[in-house]
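Enquirer: Residue numbers (our numbering), protein chains in the order written: chain A, 1 to 400; chain B, 1 to 468.
Worth flagging that the hints you see were computed from the coordinates, not collected in a lab. Just so you know, not all the hints are guaranteed correct.
As the list claims (entries may be wrong) - According to the in silico footprint, chain A covers these stretches of chain B (three or more CB under 8 Å from chain A): (1) 7 to 15; (2) 37 to 49; (3) 70 to 84; (4) 178 to 190.
As the list claims (entries may be wrong) - Calculated lysine to any residue pairs in the SDA-like style (CA-CA distance at most 20 Å, straight line): (5) A:Lys3 x B:Gln436; (6) A:Lys4 x B:Ile309; (7) A:Lys112 x B:Ile407; (8) A:Lys112 x B:Phe411; (9) A:Lys112 x B:Glu211; (10) A:Lys94 x B:Phe411; (11) A:Lys111 x A:Tyr128; (12) A:Lys112 x B:Ser225; (13) A:Lys111 x B:Gln436; (14) B:Lys387 x A:Ser115; (15) A:Lys94 x B:Ala416; (16) A:Lys4 x B:Gly187; (17) A:Lys251 x B:Glu211; (18) A:Lys52 x B:Phe411.
Glycine residues also receive a C-beta, built at the ideal position from the N, C-alpha and C atoms.
Here is what each chain is made of, one letter per residue.
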Amino acid sequence: MEKKNRNIRRNCCTIYIVCILGVLAVCGICMFALPQRTYSQEENRYLTTMPKVTREGVLSGETQQALSDAAADQFPLRDGWTHFAMCCRYLMCKREANGVYIGADGQLFEKKIDSDLSLKNYCTNLQYITTMAADSGADVSVMLIPSAGTVLSAQLPTRAVLYDPTPYEEAGAQQCEAESVRWVQTKDDLARVAHDGARAVYFHTDHHWTTYGAYVGARTYLQTRHRQTADLSEYDVQTVSEDFRGTLYSKIAGFPQVESDVLELPMRLPSQLRVESDGAPADAVSADGSHKKPQLSGIYDLSKLEQKDKYAVYFGGNYGSLTITNPEAEGGGRLLLIKDSYANSMVPYLCDSYGQITMIDLRYYNGSMPHLVAEGWDDILVCYEMSNFIAERNIFKLIR
Amino acid sequence: MVFSSLFFLCVFLVVVFVVSICLPKRLRNLWLLLASLFFYAWGEPRYILIMLFSTVFDYLNGLAIGAATKRGRHDTLGKAVLVLSVAGNLGILCYFKYTDFAISTINRLAGTQLGLLQLALPIGISFYTFQTMSYTIDVYRGEAKIQRNIISFGMYVCLFPQLIAGPIVRYQDIQNEVDARVTTPEGMARGLMRFLTGLAKKVLLANQIGELWETVAAAGAADMSMALAWLGALAFTFQIYFDFSGYSDMAIGLGEMFGFHFPENFDHPYEAASITDFWRRWHMTMGTWFREYVYIPLGGNRKGTARQILNLLIVWFLTGLWHGAGWNFVCWGLYYFVLLVMEKYVLRRFLERIPALFRHILTLFFVVVGWVIFACEDLAQLGGYLKALFGIGVPFGNALAAYEWDIQLPFLLLLAAAATSIPARLAKRLSGDELQMPLQMAYTVILLVLSLAFLVSGSYNPFLYFRF
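Work out the full structure: start from the sequences and follow the hints.
Expert: This is the structure we're talking about:
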């Protein structure tokens, strides 16, 4: 009896070891043997594939690092494992992962707190603008789009902390008005529309604003310039995708209760619109992970709806410089738009009012800004998302 | 390579283990040596030469001490070889670990501009130099047999489970198992279970709470408060325990899978009722090493109180320095020197009279403050953090503290429970002898699944003890 028990025990142990090591071994073989994935739609990034082993690579440790990374990136059923881990976090009451808050109704927010941001950098950025404005002869406005979390604060997770925009707003208004630069405030208008609740002004799964948010922003700006805006219904807004999962989703992919966004676009645009770029979009990645030469035929690049980051439907991504001309525009006028990606979705609502809009993304533009500014613009608009602008390090190019 | 990586788990471990049990016993040491060299070379292809030098050097020193003893010149020639061995090992350790620290200290004090060497610290050098030193010292003292087989000796020095972060296995601990060890299915299964438990401690507990410490440490003055500082300190307290004890569990478990019995390294240190007690439970193999090879040779407590205090000072200065080439580590060591001396000579009567609960709380308080000294390598940052800890210049609470406490409290309670011996005792009580093993197997399978999920999904996976 005693001996029999011992044998059972022994067999139990052997089975246990064989099972565990067997499963690990199968995972290990799959990493190498299964077809290698190069790009993860879900996470919106390139995956490390099994590297070639070279002498230099091994000696410098690069090969080993790549092998370690590839082991995680090529792990069998990778997406399933990450989803499972996210579910565990959810069950542990975590409403935050990889710098993203998961708020009520699956609304996602970037976690940016006071100590991430610098008032000093912000004020320096404003100074570059006021210096530029003094020499430009144009009507210069600054419009900083509030971060989603500061407008939709009721939807943040319980007690979740976000930076306080008030000191930035006050300093901005003060610094701009002292130098005769117009400070355009959109927060109240956005908050009012968001509060009505009929239409989302920010995406759930992406940090950008929706086309409604952009419309409100455009309307607010154009009103300050005494230009007309058509009613939203005239723009024929249509749904182009019901399965938009934006960049914030990529960071928390698999977290329960987060649903896809609907992406809508205003379809009525001026008929003779022409779009010209200075090259390829600087940051866009197409669905297969390759960079393609763009063929811009208009504001929308509908092929981008096939890929994960569908916000790139606007122009196909961000360009150093992009010019949109509309010969039918009322009263003509030229607008220089210095911007980040938030402004892309606002352009459809500005086209009717300007004969020419030149969009400059300072992250990618390397021409001389003082020369460009001196070309004689009617209006200059600096339009960024607030926290982007606070942290932005390229505004100095305005006076370089 | 680290244990908590998918490449280690799914490729290295499987191959090394399966080949090892298929090989005849006489080839296993060679196989383990080769596997360990591969393991080390993974992260440090060039520095493997230092480890090989250290191995051959002490192998020869051991033989030389043996030869000297045989010829009756143990006290002269033997001693000379011993001094050579210790000087050689400490020389390597100091050169790679402390040269830049010494130069920058001199630069700061004397205002000179001497250039730094900018050497990368060879992984695990603090551990394997201590292990090889223990061999020659034990041979000299007659407490260990001389190892004449260089493959067996090399395997002892390079053995991958304890190579880079301990436990510090003295040669005399496993000398019998180096040449002849028994592996049974029960032993291997126990080892694997221990390994998986350690893996889960590291991946599920230490890494998760580590994110909180990173958040708090990165928070600027604008977001700091006393409540947040304490939360961060607690987070690091748990992170370093689960990280390091998890690593030790993995090492001990791996050892058992291959037939070795390494000494235990942790015994629920946060249950300690005094600082002395804490150091009997925390990183026990290092404590043993310093006691056996520094404190007792210096005279220990046999030469009067004044000498004992001096000996303690030396030991704790070195303990601090061993943990890292930085003044905060020295401060941390001296902090414990002060606490231990106070406890031994000044407050003993008082401490004996207060209720046990207060003794535990008091001990934990000093341990947590100690970890802050340990964690903040920049002295300015350390000063700021200590101030925040005691509410100097910061508010008691703020919004960030309220949020983090709110979401982390359940997890902190879980960690606190996991750090005590209660779960193990409870499991034993509930399952009884019959069911204990099957239940533990099922439990470790769940832990493995969870660990794999978090390893695949997470990129945050540092090892705190890697820099030593």
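Enquirer: Lys52 of chain A and Phe411 of chain B were given as a pair; does the straight-line alpha-carbon distance stay at or below 20 Å?
Expert: Violated: Lys52 of chain A and Phe411 of chain B sit about 42 Å apart, past 20 Å.
Enquirer: Taken at face value, is the distance from the CA of Glu211 of chain B to the CA of Lys112 of chain A at most 20 Å?
Expert: Roughly 16 Å between the alpha carbons, so the hint for Lys112 of chain A and Glu211 of chain B holds.
Enquirer: For the pair we were handed, Lys112 of chain A and Ile407 of chain B, check the Cα-Cα distance against 20 Å.
Expert: holds, 17 Å
Enquirer: Given the hinted pair Lys111 of chain A and Tyr128 of chain A, is their Cα-Cα distance within 20 Å?
Expert: Between Lys111 of chain A and Tyr128 of chain A the Cα gap is close to 27 Å, so the pair fails against 20 Å, i.e. violated.
Enquirer: Is the Cα-Cα distance between Lys251 of chain A and Glu211 of chain B 20 Å or less?
Expert: Since the Cα atoms of Lys251 of chain A and Glu211 of chain B sit roughly 16 Å apart, the hinted pair holds (cutoff 20 Å).
Enquirer: Is Lys111 of chain A close enough to Gln436 of chain B, meaning Cα to Cα at most 20 Å?
Expert: violated, 45 Å
Enquirer: Count the residues of the region 37 to 49 of chain B whose Cβ falls closer than 8 Å to any Cβ of chain A, and tell me whether that reaches three.
Expert: holds (count 5)
Enquirer: Verify this for me: three or more residues of the region 70 to 84 of chain B with a beta carbon less than 8 Å from a beta carbon of chain A.
Expert: It is violated: at least three residues are needed, and the region 70 to 84 of chain B offers just 0 whose Cβ sits closer than 8 Å to chain A.
Enquirer: Does Gln436 of chain B sit within 20 Å of Lys3 of chain A, going by the straight-line distance between their CA atoms?
Expert: With Cα atoms ~19 Å apart, Lys3 of chain A and Gln436 of chain B stay inside 20 Å; holds.
Enquirer: Going straight from one Cα to the other, do Lys112 of chain A and Phe411 of chain B come out at no more than 20 Å?
Expert: violated, 23 Å
Enquirer: Between the alpha carbons of Lys4 of chain A and Gly187 of chain B, is the straight-line distance 20 Å or under?
Expert: holds, 18 Å
Enquirer: For the pair we were handed, Lys387 of chain B and Ser115 of chain A, check the Cα-Cα distance against 20 Å.
Expert: Holds: Lys387 of chain B and Ser115 of chain A sit about 18 Å apart, inside 20 Å.
The structure shown violates the earlier hints numbered 3, 6, 8, 11, 13, 18.
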